[in-house]
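**Q** Hey, can you work out the whole structure from these sequences and the hints?
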Amino acid sequence: MRPRHDIRNEVRRHRVLAGGLTQEELAERVGATRQTILAIEKGSYNPSVGLALRLAAALGTTVEQLFQLEEGGADDR
Amino acid sequence: MTGSLAWLNPAKKPVPWISGILVLLGFLLPVREGHPSWWAILLTGLGTFGPGLLRELGWLKDKDEFQLQAARRAGYHAFLAAGLVAFLWIAFVRSGDRQLKNPQELATFFAALLWFTWMLSSLATYWGARKMAFRVLTLYGAAWLLFNILSHWKQPLALFMQCLLTAPFFGGAWLSRRWPRSTGILLLGASGFFLIFIGRLHHQRGFPLVVTALTLLLFVGPLVASGLALLPRSRAGEEAPEA
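Chains as they are written, first to last, in our numbering: chain Z, 1 to 77; chain L, 78 to 320.
Keep in mind that the hints were calculated from the coordinates and are not lab data.
Treat the numbers as computed from the prediction; the structure is a model and nothing was measured.
Among the hints, a few may not be true.
[Unchecked claim] Listed below are the simulated DSSO-like cross-link pairs for lysine-lysine, each with C-alpha atoms no more than 27 Å apart in a straight line: (1) 208/L x 140/L; (2) 140/L x 42/Z; (3) 140/L x 90/L; (4) 42/Z x 90/L; (5) 138/L x 42/Z; (6) 90/L x 208/L; (7) 208/L x 42/Z; (8) 89/L x 138/L; (9) 140/L x 89/L; (10) 138/L x 90/L; (11) 42/Z x 89/L.
**A** Right, here's the structure in full:
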């Protein structure tokens with residue numbers, strides 16, 4: 001479950017940009033819990049594709065804007 | 078109720094309340110002839126494992142993906158810990174052709190080990206490993222200190238000596254904030270020391286094996302769990318503030 005630090009996310013920044021949503025408000029919009037949003041923002045949990053898509057829709061952005069591969073990540077084999 | 082206090086609202090989170098009540102009933106229902114009723118114990122088991130079984134069957138959908146993964150990870154850790162201890166136990170019993178005197182105590186010990194490992198793994202997932210280590214060490218130190226005060230408050234010297242045993246917990250908690258990885262190594266070393274110390278005490282005093290095992294679980298267990306939690310390299314954002 002622990003990510004290999006190869007994905008960077010901008011969920012917190014986009015949440016603030018989207019009118020200063022709280023973690024709980026965002027969680028309610030995407031059908032998750034506040035704990036999940038907190039874990040995603042801290043980088044300790046990478047969401048499923050479905051949850052990532054719902055987050056992007058709720059924040060009015062795209063999945064690629066929310067999550068990016070860090071350099072030297074999974075493709076560096 | 079909103080935010081982090083939502084779990085206190087039975088209307089919003091009925092499952093923890095129902096399972097908690099079942100567990101409490103199992104402990105509080107009348108004891109007959111010096112033994113708890115078998116159906117009271119079953120109630121406790123139902124409260125503890127029922128919701129998880131219903132979730133796995135897909136009949137209960139009260140947790141999101143993060144919480145479900147945390148529960149499965151905790152279950153895997155409990156499997157590893159109990160499996161390893163079980164094999165060590167079997168090897169020990171079979172090596173000397175020993176007989177188990179109290180199999181029901183052995184079952185209780187394994188139930189405690191499963192629950193203990195599951196709980197600590199869940200806390201590490203929700204709080205972060207380092208915060209879990211700090212809080213567990215502090216809580217255990219405080220619990221042991223209180224236990225010692227209540228047991229030995231009339232014997233100052235014994236109280237002082239017993240309170241020294243809480244030093245690894247409080248000291249580990251304080252050090253973990255400043256030098257996490259070094260403290261993790263130190264805690265594992267301290268665990269090894271207490272394992273040998275309690276093992277020797279078991280041999281000298283002739284305590285039942287299960288009593289020694291439970292003492293190890295309750296005393297050495299938190300040191301091992303915290304030590305292991307502090308070893309991995311810290312991740313950026315692990316201590317990010319909550320909004």
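**Q** Against each hint, give a clear statement of whether it holds in the structure.
**A** Hints, one by one, checked against the model:
1. 208/L x 140/L: It holds: about 23 Å lies between the C-alpha atoms, which stays within 27 Å.
2. 140/L x 42/Z: Within the cut-off at roughly 20 Å; holds.
3. 140/L x 90/L: Measuring from Cα to Cα gives roughly 10 Å; hence the hint holds.
4. 42/Z x 90/L: 25 Å, holds
5. 138/L x 42/Z: 25 Å, holds
6. 90/L x 208/L: Cα-Cα ~25 Å, so holds.
7. 208/L x 42/Z: Roughly 13 Å between the alpha carbons, so the hint for residue 208/L and residue 42/Z holds.
8. 89/L x 138/L: 13 Å, holds
9. 140/L x 89/L: OK: residue 140/L and residue 89/L at ~12 Å, within 27 Å.
10. 138/L x 90/L: 12 Å, holds
11. 42/Z x 89/L: Holds, at roughly 26 Å.
Violated hints are absent here; each numbered hint is respected by the structure.
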